[in-house]
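If you want the building blocks of each chain, they are given just below.
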Amino acid sequence: MRGDQANRLNNGGLIDRSAPLNFRFDGKTFSGFRGDTLASALVANGVKLVGRSFKYHRPRGILTAGSEEPNALVELRSGARREANTKATTAELYEGLEAASQNRWPSLNFDVMSVNQLFAPIFVAGFYYKTFMWPAKFWEAIYEPAIRRAAGLGRAAQVPDPDHYEKAWAHCDVVIAGSGPAGLAAALAAGRSGARVILCEEDFVLGGRLLADGGTIDGLPAAEWVARTLAELLAMPDVRIMTRTTLFGVYDGGTYGAIERVNDHLPTPPEHQVRQRLWRIVAKRSIVAAGSIERPIVFAGNDTPGVMMASAMRNYINRYAAVPARRIALFTNNEDGWRTAETAIAAGLQVAAVIDARPDVSPAHRSLASKGGFPVLHGSVAGVDGGKAGVRKISVSLTGGARAEVEADGLAVSGGWNPAVGLTSYHRGRPKWRDDIAAFVPDGAPPGMVAAGAANGAFGLGACLREGFEAGAAAARDAGRSGSTGSMPIADDAAFSLTPLWHVAGKGKAFVDQQHDVTASDVELAQREGFESVEHLKRYTTLGMATDQGKTSNVAGLAIMAAVTGKSIPETGTTIYRPPYVPVAIGAFAGHHRDENFHATRLTPSHHWAAEQGAIFVDTGLWKRAQWYPRAGEKDWLESVTREVKAVRSGVGFCDVSTLGKIDVHGRDAGTFLDRVYINAFSSLAVGKARYGLMLREDGIVYDDGTTSRLAEDHYFLTTTTAKAGLVMQHLEFCRQVLFPELDVQLTSVSDQWAQFSIAGPKTRDLLKEIVDPAEDLSNEGFPFMGAREVKLRGGLKARLFRISFSGEMAFEISVPARYGEAMARNLMIAGKPFGVTPYGTEALGVMRIEKGHVAGPELNGTTTAADLGLGKMMSTKKDFIGRVMAGREALVAPDRQVVVGIKPTDKARRLRSGAHIIPKGETPGPDNDQGYVTSVCFSPVVDQWIGLGLVERGRERIGEIVRAHDPLRGEDYDVELCNSVFYDPDGGRQRG
Amino acid sequence: MADFSWDVRSPLDRTLVAGPYGVQGDAGVALTEIRNFDLVQVMARRGKASEMAQTAQARFGVAAPETPKAVGASDATLIWSGPDQFFMLSKGGKHSIEALAPVFAGSASLSDQSHARALINVSGEKARTMLAKLSSIDLHPDVFGVGAAAATSMDHTSVTLWRGTDRNGQVVFNLLVFATFAQSLWHTILDSAAEYGVTIGHSEDLA
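For the protein sequence lines, the chains are A and B, in the order given.
Take the first sequence: its letter number 781 is residue 781 in the numbering used here, and every next letter is one higher.
Take the second sequence: its letter number 58 is residue 1058 in the numbering used here, and every next letter is one higher.
Simulated from the structure, these hints should not be mistaken for lab results.
Computed from a predicted model, the values in this text were never measured in an experiment.
Hints are not guaranteed to be accurate.
[What the hints assert, rightly or not] Computed far set for chain A versus chain B, every beta-carbon distance over 10 angstroms:
(1) Trp105
(2) Ser395
(3) Ala563
(4) Asn597
(5) Thr601
(6) Trp623
(7) Tyr692
(8) His715
(9) Ala818
(10) Ile830
(11) Gly836
(12) Gly872
(13) Arg884
(14) Pro925
[As the list claims (entries may be wrong)] DEER-style ranges, computed between Cβ atoms:
(15) Asp1166/B to Gly782/A: 52 to 58 angstroms
(16) Lys792/A to Arg1059/B: 44 to 50 angstroms
(17) Ser914/A to Ser1050/B: 52 to 58 angstroms
(18) Gly1061/B to Glu713/A: 44 to 50 angstroms
(19) Ser1050/B to Met886/A: 24 to 30 angstroms
Using N, Cα and C, we set each Cβ at its ideal position, and we do this for glycine too.
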């Protein structure tokens, strides 16, 4: 290995020799230039061995120069930014780049696991199904960990990614995938027509194959034409050129997925910038100009470092001025492969021989060979002699049976070209076979999409330009753009002649899928064992299932299967194509939505005040709610919560209940509407009064509950539970718009408009008198239980006051417009100071509602009826309402249903736990004897023990019975008494007083 | 008797830090919270849509929007919010729900939303580019012209978005977001805008 770019040509290439860059590969320092990829820089430094293979740990080199690369996968970067399985062929070089080879130990050069090759016979296709079946329990403990250690590729970073990702939308008339000749011509035609165009290019430079293969367009050298075209496109305001961006998928309604590698070419993203951005592009039309991928020929030793795709070799020599080998042999079955010989000669390299599988070679190439002084061998490569240091000798089996040997340090291979049919096939499309180019081409495409150029099987430069230009013009026209397209770029088409050749029989391992170590004999074995269908072949051998998704291997694999089954290739068929076209980081799909931004957060109007008080917050849905307010010296949450409960029950406290859903129901028929959606009547509710309501689903099960107040003849103010706020709004809108469109009803969510506080405790009225205008009558007569009306506060602000109680205490709820919410909390503290006012959180709220036997989420759990909750009597018999009929079904009125009942342990010191199952005394716990479970628990300061609510079979008929609470989850089993669910103030005197 | 002060705090009051944010230099995005406004939801009573529209026309001199549009009157903006309904946005105290109630009595139901939303003004050279990270709506000037409006979502949060009159030759977008979501969305906006440089401010006045 030499670290001095000894394999760099002195001239040429699209690299910036004035910008040298240092990088490290496996700890060794090298240099390259700006414009290099990691792979091209390694080539320039003479590095041939870059990785070890998946199963056999065979030495591997660089095979391609693009995103189809199966071998040259590295761990890029280090620490938390370490990224496994990064393709060296697409990783842009930057100063200080660090990369490490994968799947080797202790070093790439000496890898102990290469001993696996000796056991190759047991690692054949499906080996894990066959070899590791017995004993079954060994699989998880021994086999799987061992296989995973031996196989597999790079290591994940195992720590959170410190970089940021985001998502964005883009809209256009025409999106184009690829900026080769077809893509550029398409962009020109569409852009000139006035269309909004997005051109996505995976590479960091535009041009596609033009960058490596050049050519003449409109009489200009390709590079000049690209520069001129780019300038013209950049001058168009509605043409957007996105480099480092792969269009990876097509979705419904003309939506495309693209991944932009915004800052992958830098060591770390600049401050405030993301590493990658996921684009959702909405386009009226799309043009797939993604080109084609040169395919290997499968022969023994075809994975030896130094064996490289012929076109990739041209990339390295022409684009990067990096020389993969000094003495190159070429193995081709088509005309295009010869370009590599031409390139090698032009670069001053030696051509050892051209092995051409076709019966004839053109006179031009014959004369090239004689001028270059190298032989043209008719036949095919039967084997490669070499190892981790690279190719040494190539054995050729000549047409007619003779053999020959060629000494070379590099072997370029061309088996023809496969159009990139991914995007066109993602909506379950199946490409069709074309005999003349021996390749699959798109057969239709998702709506709005066409393929052009090499992606469509048009391999000539002139044809690429023509197809691209025509597709661009048509797409713009279809999108309603009618500007002049100007003249079409013109170039000659090179001849394309190919004799199909997939596999050369020979001695030694011949790899089809190099990334997954699938050999030609694995494919044959799969066929012998009955896995003939291509989908079975894929799963059984894992052919095409690696991160490269078989871009270089799939067609060869199914061609070999076709040969052994005696079918044609189109009869054998292709596997289903699925996005993404290249691997996309999960981080990009998550985008902004991670950590504290995983979902949106809702804050109550008094949130910042509660935070100042040191409140502990709990996530309830999207909300942050104050759970309790710890005070200095309190040893745990229970002590704080118990203090809050006692303070309310003996004095006064308040709690922000703004999270309840709040809906304005307006209209002449508002009362009728509510009669239909609640089980009880609301049209009869007097103005100035509130009523508790219960809502059923259509199937008769309880949906939601809450209080609704009548503020005017045609205006009700409805509240929902916190959890169901959005769903109830949707449900009511559905009722309004679809079920009862004849009613005059208008609904508006006012959940965010009002800050609402519950003020509870015997001293509530004392506190309110401090803050409410003295003219307001708050006496039991002037403001009775379930009263609701607007009041004036001291200072003139208007508020809504509701005399409702969830705690069982004398209580009011007060609402003010939300921007006064924080001031309200502060003022309640001031007004209540003489009475020892105590803010309380959701835990104390929960304790008090359980003590009072009020049902909440754990009881309104989607399985209970109104009767189960003890609210059956609320069901009106005088009117129809949603859920009425279905609630009368046999099973929903069965006498042995599980109903809400109070539960308390017989041992007063014992803690009751939610989820414990209720089993009759003396019975064996199990499904047959399971009579229900504990739904809600709390430590009750009033009862001075743990209490709870439960759903228990015939519970209300069994008050006083001792049963078992069986809790296998926590390994507990104890006696509990079934009791009245109202533990506190059963006659309700306190809340009415 | 205790002294009570009724401080008004906008949903972003505790979060918004006026001044520059993100990349230094010329700010590509300007974010301004508008704090003093009345916002009233106006919804036609059943069969009274045309009566409601006539009332709006008579009172404000403009037709109530029947498609996703924001229509400017001399001292109010009428923003479409659904079939037969719109928002009436005005400078605080100008067209409060109390003032509008007699006007629309019989033809529409009114619901006060003045405290239910935060109003954010987004402008600057990179405003559209930044909003593309949050909104699925095509904001190209040919598609989303002055006065275009949308009831849509950003970052899984419901918003009302409309394009105001250009200011100093620059496009202005307005965002109404639910008050309890405002701080959360604000942080998302800042994260999205930071790379362009941001000028943050607040104003009592509608633009």
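Original post:
Which earlier hints turn out false for this structure, listed by number in ascending order?
Top reply: 4, 5, 6, 8, 9, 10, 16, 18, 19
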